[in-house]
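Engineer: Sequence:
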Amino acid sequence: MSQPFVLSPDLQQAVASFFQRIPFNQVLGIELDELSPEQVTMHLPMKPELIGNFVHGILHGGVISSLLDVCGGAMALIGAFANHQHLPPAERMSKLSKLGTIDLRIDYLRPGRGQRFTATATPLRAGNKVAVIRMELHNDEGVLVAVGTGTYLCG
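Be aware that the sequence shown starts at 1, since it is given in the UniProt record's numbering, and climbs by one per residue.
Since the hints were derived computationally from the structure, they do not count as laboratory data.
Backbone N, C-alpha and C define an ideal beta-carbon position, used for all residues, glycine too.
Possibly wrong hints are sitting among the right ones.
Unchecked claim - Using C-beta positions, here's what the derived DEER-type ranges look like:
id, residue 1, residue 2, range
1, His86, Val143, 40 to 48 Å
2, Leu7, Asn53, 36 to 44 Å
3, Pro89, Val143, 42 to 50 Å
Generate coordinates for the entire structure from the input sequences, incorporating the hints supplied.
Structural biologist: Right, dumping it as structure tokens:
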């Protein structure tokens, strides 16, 4: 029987560094809160550049989908680390370098009003080649703004 996957501090730092180095994530202002095999949490502060409807001052739908996709991708990456931990480092990195979004569905439930938006992602299925992840976005008052399901190539 295999050992349960533990996300070591070094591995947490590697995942965090990977996502923090993506220029688009920096432009949006995405910040990591939690990385674990069960859940990823990220947030993003509202800023004027992210407004989609300037009359109402709400978060742009593209920013919502991007944040949910980034959060889902991080969850898929952690699942891929778990599934490929038995491989030699070079082969594991080759598989992980192929991580990408295959499909993304976002359901916008309410306007993105607030000063801080928090995304969470949990795995529905993390296979050797494909992961399916469920994501949610809440505003700073805990209101559910959007939900998403992403399918990610991860091996």
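Engineer: Hint by hint, say whether it matches the structure.
Structural biologist: Verification of the hints:
1. His86 - Val143: 40 to 48 Å: Holds: the Cβ-Cβ distance is about 42 Å, inside 40 to 48 Å.
2. Leu7 - Asn53: 36 to 44 Å: Given range 36 to 44 Å: holds, Cβ gap about 38 Å.
3. Pro89 - Val143: 42 to 50 Å: Holds, at about 43 Å.
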